[in-house]
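Asks: Quick note on the numbering used here: the sequence shown kicks off at 4 and runs consecutively.
Check before you lean on any hint, since a few could be wrong.
Derived lysine-lysine pairs resembling BS3-like cross-links, with alpha carbons at most 30 Å apart [as the list claims (entries may be wrong)]:
| hint | residue 1 | residue 2 |
| --- | --- | --- |
| 1 | 281 | 314 |
| 2 | 317 | 367 |
| 3 | 219 | 164 |
Hints in this document: simulated from the structure, not taken from any laboratory.
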Amino acid sequence: FKLPIVPGGTNVVYLNDLIIENYLDSLLDYHKNSYDKKSYVQVIKLGENLYAYEVELKKETSNESVPDDNGNGNIRIDNYRKAKETETNKLSYDMDDNKEIKTYYTNETVKIDLEISDDDGIKAYLYIIKNGSITIYESSYITVQKQEVEDTLVLDPNEYKDGTYQIEVVAYDGKDHKMVKKSDKIMIDTVAPTCKVSRNPDVKWTNAAKSVITGKCSDTKGKNNGNSGCTQDEPEKIYTEEGIYNEVSPGTVSDKAGNKTECGITYVRIDRTAPTCKVTGESTDWTYENRILTFNCTDKASGCKIASVTKEFKETAKTVSLKDENAVIIEDKAGNTRACKSEYNTNSNGNPSSIFNIYVDKDKPTAPTITGGSDNWKNYAQLIWVTTKSTAPSGIKKYQFCKKITSTENCEWQDLFINKTNVTVDGLDIAYYHSHYSGLIESFQGNVKKLNQHYIDYGKSEGREISNENWLRTAQSFGGEQAYKVYFRAVSNVGLVGTPSAAQKLKIDRTKPSVPDLSNSSGGALTCGNVNISANSTDAVSGVKTIQYSYNEKNWYDDWNSTNLSATPPQVFGTWSAPRYNVVYIRSCDNAGNCSKSSSTPVHIGVNSASPVCGTEDITGTCYEYKVITPTCPSGWTTADYNKCGLNDATGNICCKHAYSCVTGSQNKTCCHD
Numbered sequence: 004f005k006l007p008i009v010p011g012g013t014n015v016v017y018l019n020d021l022i023i024e025n026y027l028d029s030l031l032d033y034h035k036n037s038y039d040k041k042s043y044v045q046v047i048k049l050g051e052n053l054y055a056y057e058v059e060l061k062k063e064t065s066n067e068s069v070p071d072d073n074g075n076g077n078i079r080i081d082n083y084r085k086a087k088e089t090e091t092n093k094l095s096y097d098m099d100d101n102k103e104i105k106t107y108y109t110n111e112t113v114k115i116d117l118e119i120s121d122d123d124g125i126k127a128y129l130y131i132i133k134n135g136s137i138t139i140y141e142s143s144y145i146t147v148q149k150q151e152v153e154d155t156l157v158l159d160p161n162e163y164k165d166g167t168y169q170i171e172v173v174a175y176d177g178k179d180h181k182m183v184k185k186s187d188k189i190m191i192d193t194v195a196p197t198c199k200v201s202r203n204p205d206v207k208w209t210n211a212a213k214s215v216i217t218g219k220c221s222d223t224k225g226k227n228n229g230n231s232g233c234t235q236d237e238p239e240k241i242y243t244e245e246g247i248y249n250e251v252s253p254g255t256v257s258d259k260a261g262n263k264t265e266c267g268i269t270y271v272r273i274d275r276t277a278p279t280c281k282v283t284g285e286s287t288d289w290t291y292e293n294r295i296l297t298f299n300c301t302d303k304a305s306g307c308k309i310a311s312v313t314k315e316f317k318e319t320a321k322t323v324s325l326k327d328e329n330a331v332i333i334e335d336k337a338g339n340t341r342a343c344k345s346e347y348n349t350n351s352n353g354n355p356s357s358i359f360n361i362y363v364d365k366d367k368p369t370a371p372t373i374t375g376g377s378d379n380w381k382n383y384a385q386l387i388w389v390t391t392k393s394t395a396p397s398g399i400k401k402y403q404f405c406k407k408i409t410s411t412e413n414c415e416w417q418d419l420f421i422n423k424t425n426v427t428v429d430g431l432d433i434a435y436y437h438s439h440y441s442g443l444i445e446s447f448q449g450n451v452k453k454l455n456q457h458y459i460d461y462g463k464s465e466g467r468e469i470s471n472e473n474w475l476r477t478a479q480s481f482g483g484e485q486a487y488k489v490y491f492r493a494v495s496n497v498g499l500v501g502t503p504s505a506a507q508k509l510k511i512d513r514t515k516p517s518v519p520d521l522s523n524s525s526g527g528a529l530t531c532g533n534v535n536i537s538a539n540s541t542d543a544v545s546g547v548k549t550i551q552y553s554y555n556e557k558n559w560y561d562d563w564n565s566t567n568l569s570a571t572p573p574q575v576f577g578t579w580s581a582p583r584y585n586v587v588y589i590r591s592c593d594n595a596g597n598c599s600k601s602s603s604t605p606v607h608i609g610v611n612s613a614s615p616v617c618g619t620e621d622i623t624g625t626c627y628e629y630k631v632i633t634p635t636c637p638s639g640w641t642t643a644d645y646n647k648c649g650l651n652d653a654t655g656n657i658c659c660k661h662a663y664s665c666v667t668g669s670q671n672k673t674c675c676h677d
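Construct the entire structure; sequences and hints are all you get.
Replies: Shown next, in the form of structure tokens:
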């Protein structure tokens, strides 16, 4: 259990605890009635060894009543300047006043008059001096037994530091009613404000219609150290003509506490004319390097804030607009500005434009789209053409090509030529003809009819389109017969090399395969058994696709018994077994469609006379062939008769093309032999 130890502090305890701890014997009201010991008591520390007790709960039973306070107590606090004790400078309030609290500013000694009155009399009072929320001084309770009390307090700036102060008075009347009153805020400020002239003493320019020179008052001590703030009596001087005004003094500034400061001097310089801007570095010549424009400022009066500004352009663009937020603004020392304009370009109204020429091209030309190649071997000139031309901001200067036979081979790029002169191909669709045979290409130059015929022969059938006015023919030779890939790329007018096109495969083979080497098991002589023929051939470029045979060099067949074109050299094998007498022609064709001259060998297969199909004639061990004299069947012979003699031809026709002689007198028709 503790009583409050700080003046103004409070604590609530049981009355019985105060009695037990010997703080009180009892607590009576004004009618000398004891309070109930179970009542709560609010103990308030008033000062050194001085306490007040307030009981709000029940008392011990009594028939007497306590009169209410008549509410006629009053505390009056007046504070005013020592030198001017006029009604205007007095700031006083009664207890019941609801006036707005004001702040009183001074740099002199402050006198505070206290007047305390109450019909019940004044028992005691004290006063507290605070600087902001910090208590600077608290008096002990002054006990009195008067109806009215008067006192005077003095705040001396030499004793109290600059700051904001407030007086709080606490009083108790004869019935222990508490009264509290706070004074107005008292601002003690003994430090003069500073004066900042609105124009810097250095060379300073303005472009205003009029130049107002003032002494800017500043009171910057801070609220806890006394800062009364500036008054509005700052002087002004106005200048309107362009020129230089030296040693201008605006006058005196003061704060609210009455402190004053004389302002210094300054210079006034007025320049309302905007500077001029000259731009260098513009060009309509394309470049792949960064373009640098320099914006030079000139001003005859105040001078330029910055003599020149450089702006580097790295992006690809023909022109650049420097309007609005991108504009280059030059400024003089007076603040006049001008947006820089192009030295060459003008707007529709004839005024200089904010669009500048830079002509920077850092983009590689786009890859042309080419088509027309084939993964199949051809034995004629192939047509390669461009469906999408290359583009570049600076335009296309020329096209180049390269060819690769192997994927590891370096691509050696060469310029395309037309009639032995470098080609300018800007804006054209391009068709290129490639063949090892340059004479074929040259024959098209300047001859639209032949060109169209070439298109019809080799292009139209493959769905290609033609535009005669946009054909670009080249005499460029692409070498001999071989398989390779051809690439195209463009070079822009600034010399940047474009992305290569996709490869087009060209497979050209105009050389025939070798004439087949033959092997005939019968050596071409008459035989009663099977005849085996094998053939092989080579092709150095596109390779052998097929080895064929024919009986008339018109109808060709490749239904051999076995084919092995992957062998070295490629070869085939066939067996003939039916009786016949044919000359077999054999040729080789490569993958490009070139076919060799044919080789030939006879196939002469007869029948054995001992065979039952030949009738009763018995010539053992000898095989005879029939003479070829007529392709028609003799009168009186039936299918069975021909089958008996084995005279069906290789295709199964019953009217064979072989001759025969017959013994007609016998009962059974028989095959006769020479």
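Asks: It remains to establish, for every hint, whether it holds in the given structure.
Replies: Right, here's what the structure says about each hint:
no. : hint       : verdict
1   : 281 to 314 : holds, 14 Å
2   : 317 to 367 : holds, 14 Å
3   : 219 to 164 : holds, 26 Å
When the structure is compared with the earlier hints, no violation turns up for any of them.
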